[in-house]
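K.L.:
This is what each chain is made of:
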Amino acid sequence: MSLEHKHPLDVFIKIDRLPHRFCPGCGVATTLNIFLHAIKELVDEGKLDPKKLVVVSGIGCTGRVSGYLKFDGAHTPHGRPIPFAMGVKLANPELKVVVISGDGDIVGIGGNHLIHAARRNMDITVIMVNNFIYAMTGGQVAPTTPQKVYTTTTPYGNPEPPFNVVRLVASIGANYLARWAITHPFQLKNSIKKAILREGFSFIEVISTCTERFGRRVGIGDPVKLYNKLKAIAKIRKVSPFEAKYNWDEEITCGEFIDEEKPGFIQMYFNMVKKELGDRT
Amino acid sequence: MEVRGDEYLAEIRFNNSNIACGEAAIVAGLKFFAGYPITPTSRLFEYLTEELPKHGGIAIQCEDEIASINAIIGASWAGAKSMTTTSGPGFSLMLESIGFAIMTETPIVIVYVMRTGPSTGYATGTGQGDVMQARWGSHGPYELVVYAPSSAQESFDLTIKAFNVSELLRIPVIVLTDAILAHTRERYIWRDRSELKIIDRKKPKVPPEKYKPFEPDPEDLVPPMAIYGEGYATFAESLVHDERGYYEPTSEVYRKLIWRLHEKVWLKKKYIVEADTYYVDDAEILIVSYGSLARVALAYIREMRRKGIKIGLFKPKSLWPLDDEKLRYATRKAKKVIVVEMNNGQLYREIDRLLKNKEVIFRPIFKVDLPTPDEFEEVVQECL
Numbered sequence: 271m272s273l274e275h276k277h278p279l280d281v282f283i284k285i286d287r288l289p290h291r292f293c294p295g296c297g298v299a300t301t302l303n304i305f306l307h308a309i310k311e312l313v314d315e316g317k318l319d320p321k322k323l324v325v326v327s328g329i330g331c332t333g334r335v336s337g338y339l340k341f342d343g344a345h346t347p348h349g350r351p352i353p354f355a356m357g358v359k360l361a362n363p364e365l366k367v368v369v370i371s372g373d374g375d376i377v378g379i380g381g382n383h384l385i386h387a388a389r390r391n392m393d394i395t396v397i398m399v400n401n402f403i404y405a406m407t408g409g410q411v412a413p414t415t416p417q418k419v420y421t422t423t424t425p426y427g428n429p430e431p432p433f434n435v436v437r438l439v440a441s442i443g444a445n446y447l448a449r450w451a452i453t454h455p456f457q458l459k460n461s462i463k464k465a466i467l468r469e470g471f472s473f474i475e476v477i478s479t480c481t482e483r484f485g486r487r488v489g490i491g492d493p494v495k496l497y498n499k500l501k502a503i504a505k506i507r508k509v510s511p512f513e514a515k516y517n518w519d520e521e522i523t524c525g526e527f528i529d530e531e532k533p534g535f536i537q538m539y540f541n542m543v544k545k546e547l548g549d550r551t
Numbered sequence: 018m019e020v021r022g023d024e025y026l027a028e029i030r031f032n033n034s035n036i037a038c039g040e041a042a043i044v045a046g047l048k049f050f051a052g053y054p055i056t057p058t059s060r061l062f063e064y065l066t067e068e069l070p071k072h073g074g075i076a077i078q079c080e081d082e083i084a085s086i087n088a089i090i091g092a093s094w095a096g097a098k099s100m101t102t103t104s105g106p107g108f109s110l111m112l113e114s115i116g117f118a119i120m121t122e123t124p125i126v127i128v129y130v131m132r133t134g135p136s137t138g139y140a141t142g143t144g145q146g147d148v149m150q151a152r153w154g155s156h157g158p159y160e161l162v163v164y165a166p167s168s169a170q171e172s173f174d175l176t177i178k179a180f181n182v183s184e185l186l187r188i189p190v191i192v193l194t195d196a197i198l199a200h201t202r203e204r205y206i207w208r209d210r211s212e213l214k215i216i217d218r219k220k221p222k223v224p225p226e227k228y229k230p231f232e233p234d235p236e237d238l239v240p241p242m243a244i245y246g247e248g249y250a251t252f253a254e255s256l257v258h259d260e261r262g263y264y265e266p267t268s269e270v271y272r273k274l275i276w277r278l279h280e281k282v283w284l285k286k287k288y289i290v291e292a293d294t295y296y297v298d299d300a301e302i303l304i305v306s307y308g309s310l311a312r313v314a315l316a317y318i319r320e321m322r323r324k325g326i327k328i329g330l331f332k333p334k335s336l337w338p339l340d341d342e343k344l345r346y347a348t349r350k351a352k353k354v355i356v357v358e359m360n361n362g363q364l365y366r367e368i369d370r371l372l373k374n375k376e377v378i379f380r381p382i383f384k385v386d387l388p389t390p391d392e393f394e395e396v397v398q399e400c401l
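Top to bottom, those sequences are chains A and B. Counting with the working numbering, you get residues 271 to 551 for the letters of the first sequence. Counting with the working numbering, you get residues 18 to 401 for the letters of the second sequence.
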């Protein structure tokens, strides 16, 4: 049976790589779908040339996203999509560079790159899909795993409190900061559109579902039940990022937390160089 | 010296190896530099942050060496000739992504200034302890090229060559200098781009719909490289991949990929290798030394020649791969080959492997600065 090119998003996908590897009920695939809808709308609105879009992923389940896309892209070593994306953007500032990767990649092994990209107000967009666990390697504890949860490397329960990544990024600074769950497809889509067009550093956390490696560990192995659990705890509020909660039992606060237009790294760098060198650049 | 308008095509300059490498990189067409401060290479970093913007490039400081190397790999995919510089501790951090550059066939250049190790060692001291690490440090089977200059002039020339080889073969190339070279100011000839052969990576000749990111040119086994933003939807895949860049974990795809990554380098070996020989025509004893230590070796050998001893020097300038043909030619009359290195016998293992029917002796020098010719003699004398 051959797949016919009928779906409107097919132009952005390597059709011959389907079916994808994501598990039934996996929120990464949902995020990918929403991301492509955002791109399609930006392209249709004439705001984005898909030839100038670069999508970079690291390692992990979410790390597989870039490999399915018909854009320029990369599948970097674990934790390194942000510095790779920075190099791409600085070498050719005309490109729109988006990092899509997981929580382990972005705030675990790659945490140092995240805080420095945010501090520099580097002109890239980071979409971090948070599934609460290291899923591809078999369900080990992540810096985002709720406290007390049993994982394969915390067989007596997780003794560590997790990162609240919204607070982390807000404390450093970014031009755009939002958190949504996969239960907020329209808000997430609009947020991605905004972030990609924004100068400076933009960061979106996507609260996702991993039924196999996380859901089962917290007693919710059923995709629908896990989705409904997210629906119940992912509450949209207009609050300061420092009031945003990250509590699996109570509430994970979602919404737009920062929306600013400070000059990005590229503008700062080239303006300062130009001021010193004048026409010599 | 030729003069074109008011611009020199070549001129005599006086500086250290760090600056010579930086100047050569700019001549070769460097457009992106990312680094992290580390002794003894910071001067090169500082030089490029100041000079590169004047040549249409950008040079930044990253949060660590891991970020630096991944940034230059990204920049290379965006079309910029890219470079970083570091020393032992920083290179140890970069190793994972050396493999990333190998696997994604990304042209990059790393100027690696060796200092005294292991660990923090002695930051301003010299050493040659990283010869094996430069070649084999990353995981998995791979080929790369390492040059080892012994002067500011060779630093300039070999940096140009490093860029050419990296662009020609789409591989990382390392210029392995040391703390002595980094701090020694001396005379060298700077040449302009028009006076040199500068190689740029091959671009795809097919339209985007027919382009496969890792489909090799049958001539040289190197895939033409589309860069980001040109509509080719090209993809830097770190996983085992086929010609389309698709993850394909089968032995057949893996074997084909790995052999090609090796063979493309082997095919150009004659072009890659560099070595100098001194007094080898009648040499019964051959010293093998490289980097700043080779200059001490040469001073010692000249002294010995004055005393009538038939001794010569083989100075490899490409350590990986080594010019084994020239090495065998240089040793054709030698009864003894003495490898002298400021380490525990790293290149010695390679020389010994290449010269199966010769007596190859290793003599180490463990010092944090360069030995004098007299000290060199003390180390070698008992083997003569």
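Hints are computed from structural coordinates only; laboratory data are not their basis. Careful, some of the hints might be misleading.
[Unchecked claim] Here are the simulated BS3-like cross-link-like pairs (lysine-lysine), alpha carbons at most 25 Å apart as the crow flies:
hint, chain 1, residue 1, chain 2, residue 2
1, A, K284, A, K459
2, B, K286, A, K321
3, B, K273, B, K286
4, A, K322, A, K463
5, A, K284, B, K222
6, B, K373, A, K310
7, B, K375, A, K544
8, A, K544, A, K321
9, B, K287, B, K327
10, A, K321, B, K273
11, B, K222, A, K322
12, A, K459, A, K276
13, A, K310, A, K321
14, B, K227, A, K340
15, B, K219, A, K321
16, A, K321, B, K220
17, B, K229, A, K322
18, B, K384, B, K352
19, B, K327, A, K340
20, A, K340, B, K286
21, B, K273, B, K287
K.L.:
Hints first: check each against the structure and report whether it holds.
P.N.:
Hints and how they fare:
1. Using a Cα cut-off of 25 Å, the hinted pair A:K284 and A:K459 holds, with the two alpha carbons roughly 21 Å apart.
2. Restraint check for B:K286 and A:K321: not satisfied, since their Cα atoms lie roughly 37 Å apart, outside the 25 Å limit.
3. A hinted pair counts as satisfied when its Cα atoms are at most 25 Å apart, and B:K273 with B:K286 qualifies at roughly 20 Å.
4. With a C-alpha separation of about 15 Å, the suggested pairing of A:K322 with A:K463 holds against the 25 Å cut-off.
5. Between A:K284 and B:K222, the direct Cα distance comes to roughly 22 Å. Compliance with the 25 Å bound is thereby established for this hinted pair.
6. Note on B:K373 and A:K310: the hinted pairing is violated, with a Cα-Cα distance of about 64 Å set against a maximum of 25 Å.
7. About 61 Å separates the Cα atoms of B:K375 and A:K544, which puts this hinted pair outside 25 Å; it is violated.
8. For the hint linking A:K544 to A:K321, the alpha-carbon distance of about 29 Å lies beyond 25 Å, and the restraint is violated.
9. Distance restraint check for B:K287 and B:K327: the Cα-Cα separation of roughly 29 Å exceeds the 25 Å cut-off, and the hinted pair is therefore not satisfied.
10. A C-alpha spacing of about 30 Å is found between A:K321 and B:K273, which places the hinted pair above 25 Å, so the restraint is violated.
11. With a CA separation close to 20 Å, the supplied pair B:K222 and A:K322 stays within the 25 Å bound.
12. Restraint check for A:K459 and A:K276: the C-alpha separation of about 22 Å stays at or below 25 Å, so the hint holds.
13. Annotation: proposed proximity of A:K310 to A:K321 holds, straight-line Cα distance about 13 Å (limit 25 Å).
14. Only pairs whose Cα atoms come within 25 Å are accepted, and B:K227 paired with A:K340 is accepted, the gap being roughly 13 Å.
15. A distance of roughly 20 Å separates the Cα atoms of B:K219 and A:K321; the hinted pair therefore holds under the 25 Å criterion.
16. Note on A:K321 and B:K220: the hinted pairing holds, with a Cα-Cα distance of about 17 Å set against a maximum of 25 Å.
17. Distance restraint check for B:K229 and A:K322: the Cα-Cα separation of roughly 18 Å lies within the 25 Å cut-off, and the hinted pair is therefore satisfied.
18. Under the criterion of a C-alpha separation no larger than 25 Å, the hint pairing B:K384 with B:K352 is inconsistent with the structure, at around 28 Å.
19. For the hint linking B:K327 to A:K340, the alpha-carbon distance of about 65 Å lies beyond 25 Å, and the restraint is violated.
20. Restraint check for A:K340 and B:K286: the C-alpha separation of about 36 Å exceeds 25 Å, so the hint is violated.
21. For the given pair, B:K273 sits about 23 Å from B:K287 by alpha-carbon distance, which is consistent with the 25 Å threshold.
Hint compliance for this structure: hints 2, 6, 7, 8, 9, 10, 18, 19 and 20 are not met, and every other hint is.
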